[in-house]
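*Asks:* First to last, the protein sequences are chains H, Y and V.
Residue numbering for the first sequence follows this note's numbering, starting at 1 and increasing by one per position.
Residue numbering for the second sequence follows this note's numbering, starting at 1 and increasing by one per position.
Residue numbering for the third sequence follows this note's numbering, starting at 1 and increasing by one per position.
Hints listed in this document are in silico derivations from the structure and should not be mistaken for laboratory results.
Note that the Cβ used here is the ideal one computed from N, Cα and C, for glycine as well.
One or more hints might be untrue.
[As the list claims (entries may be wrong)] Facing chain Y, from chain V, some residues (calculated, C-beta under 10 Å):
no., residue
1, I7
2, G23
3, L65
4, K92
5, K93
6, A118
7, F181
8, R210
[Said to hold, decoys possible] Listing some non-contacts, in silico: residues in chain Y with all C-beta distances to chain H over 10 Å:
no., residue
9, A30
10, Q49
11, E78
12, A79
13, D88
14, K104
15, T161
16, S180
17, V191
18, D200
19, D284
20, D304
21, S407
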Amino acid sequence: MKITLFIPCFMDACFPKAGAGAVEILERLGHTIDYPRELTCCGQPAFNSGYWPEAREVAVKVLDRLGNSEAVVIVSGSCGAMIKNFYPELFAGTENEARARDLSAKCHEFTDFLVSRLGAGDLGARFPHRVTFHDGCHGLRELGIKQQPRKLLAHVRGLELVEMGEAESCCGFGGTFSAKFPMISTAMGENKYGSALETGAEYIVSNDSSCLMHVQGLLDRQGIPLKTIHIAEVLNSR
Amino acid sequence: MSITREASEFKKAAAKLTKDLRHRSLIRNALKKYEVARNAKCSLFQDWQAARQTAAEIKWDAINHLDSHLAEFARNLEAHGTHVHWADTAARAREIILKIVREKKARSIIKSKVMTGEEIHLNKALEDEGFDVVESDLGEYIVQLRHEAPYHFVFPAMHLTRGEISDLFARELGTAPTDSPEELTMIARRVLRGKYIAADIGISGANFGIAETGMISITENEGNARLTCALPKVHIALMGIEKILPRLADLALFLPMLGAAGAGQMLTAYNTMYGGPRQPGEPDGPEEFHVVLLDNNRTGLLADPEQRDALHCIRCGACLNVCPIYKNIGGHSYGTTYQGPIGSVITPHLRGLQQWKHLAFASSLCGACTQTCPVKINLHHHLLQSRRNAIAQKPVWWEKIAFDCLSFLFNHAGLFSLGMKLGRIGQVFHPLIKNTRFDPASAWTRSRELPRVAPQTFREWWQNRK
Amino acid sequence: MNERENILGRIRKAIRVPAPVPGTHGPSRPVSERESAADIPEWLPRVGDTFGERLALFRANASDLKADFVLLDSPEQLPVKLREIAAAEGWKKVATHSNALTDGACAALGLPVLRTDAGFEPQDMESCDAGISACDALIAQTGSVLVTSQSAGGRALSVLPPHHVVLARREQLLADLPAAFALLQAKYAPAYPSLISFITGPSRTGDIERILVLGAHGPKKLTIICL
Numbered sequence: 001m002k003i004t005l006f007i008p009c010f011m012d013a014c015f016p017k018a019g020a021g022a023v024e025i026l027e028r029l030g031h032t033i034d035y036p037r038e039l040t041c042c043g044q045p046a047f048n049s050g051y052w053p054e055a056r057e058v059a060v061k062v063l064d065r066l067g068n069s070e071a072v073v074i075v076s077g078s079c080g081a082m083i084k085n086f087y088p089e090l091f092a093g094t095e096n097e098a099r100a101r102d103l104s105a106k107c108h109e110f111t112d113f114l115v116s117r118l119g120a121g122d123l124g125a126r127f128p129h130r131v132t133f134h135d136g137c138h139g140l141r142e143l144g145i146k147q148q149p150r151k152l153l154a155h156v157r158g159l160e161l162v163e164m165g166e167a168e169s170c171c172g173f174g175g176t177f178s179a180k181f182p183m184i185s186t187a188m189g190e191n192k193y194g195s196a197l198e199t200g201a202e203y204i205v206s207n208d209s210s211c212l213m214h215v216q217g218l219l220d221r222q223g224i225p226l227k228t229i230h231i232a233e234v235l236n237s238r
Numbered sequence: 001m002s003i004t005r006e007a008s009e010f011k012k013a014a015a016k017l018t019k020d021l022r023h024r025s026l027i028r029n030a031l032k033k034y035e036v037a038r039n040a041k042c043s044l045f046q047d048w049q050a051a052r053q054t055a056a057e058i059k060w061d062a063i064n065h066l067d068s069h070l071a072e073f074a075r076n077l078e079a080h081g082t083h084v085h086w087a088d089t090a091a092r093a094r095e096i097i098l099k100i101v102r103e104k105k106a107r108s109i110i111k112s113k114v115m116t117g118e119e120i121h122l123n124k125a126l127e128d129e130g131f132d133v134v135e136s137d138l139g140e141y142i143v144q145l146r147h148e149a150p151y152h153f154v155f156p157a158m159h160l161t162r163g164e165i166s167d168l169f170a171r172e173l174g175t176a177p178t179d180s181p182e183e184l185t186m187i188a189r190r191v192l193r194g195k196y197i198a199a200d201i202g203i204s205g206a207n208f209g210i211a212e213t214g215m216i217s218i219t220e221n222e223g224n225a226r227l228t229c230a231l232p233k234v235h236i237a238l239m240g241i242e243k244i245l246p247r248l249a250d251l252a253l254f255l256p257m258l259g260a261a262g263a264g265q266m267l268t269a270y271n272t273m274y275g276g277p278r279q280p281g282e283p284d285g286p287e288e289f290h291v292v293l294l295d296n297n298r299t300g301l302l303a304d305p306e307q308r309d310a311l312h313c314i315r316c317g318a319c320l321n322v323c324p325i326y327k328n329i330g331g332h333s334y335g336t337t338y339q340g341p342i343g344s345v346i347t348p349h350l351r352g353l354q355q356w357k358h359l360a361f362a363s364s365l366c367g368a369c370t371q372t373c374p375v376k377i378n379l380h381h382h383l384l385q386s387r388r389n390a391i392a393q394k395p396v397w398w399e400k401i402a403f404d405c406l407s408f409l410f411n412h413a414g415l416f417s418l419g420m421k422l423g424r425i426g427q428v429f430h431p432l433i434k435n436t437r438f439d440p441a442s443a444w445t446r447s448r449e450l451p452r453v454a455p456q457t458f459r460e461w462w463q464n465r466k
Numbered sequence: 001m002n003e004r005e006n007i008l009g010r011i012r013k014a015i016r017v018p019a020p021v022p023g024t025h026g027p028s029r030p031v032s033e034r035e036s037a038a039d040i041p042e043w044l045p046r047v048g049d050t051f052g053e054r055l056a057l058f059r060a061n062a063s064d065l066k067a068d069f070v071l072l073d074s075p076e077q078l079p080v081k082l083r084e085i086a087a088a089e090g091w092k093k094v095a096t097h098s099n100a101l102t103d104g105a106c107a108a109l110g111l112p113v114l115r116t117d118a119g120f121e122p123q124d125m126e127s128c129d130a131g132i133s134a135c136d137a138l139i140a141q142t143g144s145v146l147v148t149s150q151s152a153g154g155r156a157l158s159v160l161p162p163h164h165v166v167l168a169r170r171e172q173l174l175a176d177l178p179a180a181f182a183l184l185q186a187k188y189a190p191a192y193p194s195l196i197s198f199i200t201g202p203s204r205t206g207d208i209e210r211i212l213v214l215g216a217h218g219p220k221k222l223t224i225i226c227l
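Put together the whole structure using the sequences plus the hints.
*Replies:* As structure tokens, this is what we get:
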């Protein structure tokens, strides 16, 4: 299958290994990757801030480029939710409403694609560490991603998964929320890494690198040695 | 951007509460207990999700045919001797109630929990005219003594420890200090006993209004509403017009859903329907029953078909209990009657979009509220819609410029690529200004380290593969 | 009158544009004539089909709620049971209403009895140690007692005295809430009593640190005696 892979803007800049991991995993499974170099962002920042016309300017390019794709895989729960669930709302009442719905039907978040579309299980990965999993809110509640990452992690050799209390509780990133209400965002992040620390895990794993970026930023400031890593990197470790 | 007074106060309160670890721990423990009880009760339902859908459809019927249901409700109330009053605004509702209270020359008024009463600032209006008003719900009684607003509309005193309540009672009532919740409750019970018996007027709210039979329904645990509506000669009920349910039998679904989602109980101790004043042949009960129907901008929200379902709310408080923002900033920070996700959705409609839009922005849009709402209100999507509406009305000039620039940047991958390269250079020097007033990223770096642009970005890695 | 028309007029205007039904993202669809409401009993907690199952469920629920449930083998045991409770708690005066179940039982107590039927002063009821009433039904699903101002001696009797004793017959045990509302309609409509109340356990509060305390304002004890 030819898979169009959408890489979030911050993953491109700051967490490229996660994107590379996704590419290598899918290629190993025998698929070809179409990477849309001209796309950089899903439009969520403007959308979340209430600037829907400006968000449409960016999103329409995504519609144009991905409209003819066979399958679109998005390596992020939050960008995935944006394109799959929120584009129809963003374009409601415009000439692009139908195209947004069509694209939505073709989109999958990465772990969901592996498990639900490809029936993948053991990817031959090895990651001998104790980890805990953070369920990113958009992936969890907008896209129904809960079991898929866990199914994949269960096959990773040497990996011990310990669930944290309040795994489904928001980490506090929320996009522009983290800058508009930093004190609330920080408190929520502190609660999140507090729960993670209680598990004794070395790594927090998630399918959303924006959540991890926020929590890692807090951990680094506090000098806490807990690490964060995107699931694509874990699944690509050998 | 000039920030409204409400937004500024909200930010100050939030800043203070988010650092208060004692508060954070207290609320977290209280809500954990609730969560355990709620999950237990919801799992007793044979199909909680189907129940939510049915409840959503019944409320859809109620709200989207509100004119006929409300007219039927009033007609049936009047048929049994109840006086029905219609109040356009908060001021009118206060006037109507004051008029009744004045006519009765009331000396003492007892109230059960009335959120619409908080909304219209009823207590203050009564007290300003010299009437003695006592809150009978234990939590409300406590915050009334502290001259505070309720912290949570189901658990008004959630933020207080037994020690603080004991000190309060010692100070205001002259009672001996105690750290037993039972003894503290008995103190309040004893004090309020006399008030029930002496009160001329009882004021209550209503959880639901049943159109088919002309009844209000009140859900409670303490029995204080039962007493408020039993002993005084006059009973006044204040009710928002959106509380309508079409049929009496709808309560068979709504009472347990309200109990389970709101309090983690299959049913609260008392669920009572009132259909009129004392009827012929009945040995007791008020001689007069008044129902005051309150609009106060609910019709404004009704006129927004996108967000109309916010009027389906049954005020269970479940969305507050699961909201990570609420858990960290507490109920008082909102600075308005209705807190938490539902409060953030309806307050801009009830009190003004531009003054209260900050509540719509103060959310990470995690969606836990929408997931838990027993009547399936699309809460977090409404927050997004309110943001859009607020910005469409009044864009923030520098934000608009920033997003226009960002759109351009994002639509030109070459520029984006260049931007990342520049970022790599810039981050070498950033520590010089990090977390100072020259730092453009100070909102982030106040408490967090910035992520680093990788030595090789994804698109560079992809390019190099070829 | 004017304000009524204002409000109703605003409502009519507002609802001209239909809103989507929750649970369906997208254009609105008409809600079918109450198909889903008829399913309510299927969503609510399981109840059991036999009297025995329902009785067991009621008993279990009552116990969880800290209400006392007593099943008597014969009506003759009722006055005996009441005297037993009266002695254990040191009752000096009770309140009740006139009723086939309550009359004989209360007379046998040998205590001053306040009857609500002819009216009463709240102060007089306040000095009673217990309120003894009949009821309309017991509800297995929730462990509730259904009373009205007609079946249970008015409004205050079941809530003012510190101990509420309910006298019920086995036949009054209903399965669930929908059955309770059906009974109310069959028994009273259209002249409903001015008060209908589902009593589920004694009065309680969790307002102080979410710790359960019984007897906040209403009765601290609820005893259900079933013949």
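*Asks:* Which numbered conditions among the earlier hints are violated in the structure presented, ordered from lowest to highest?
*Replies:* 4, 5, 21
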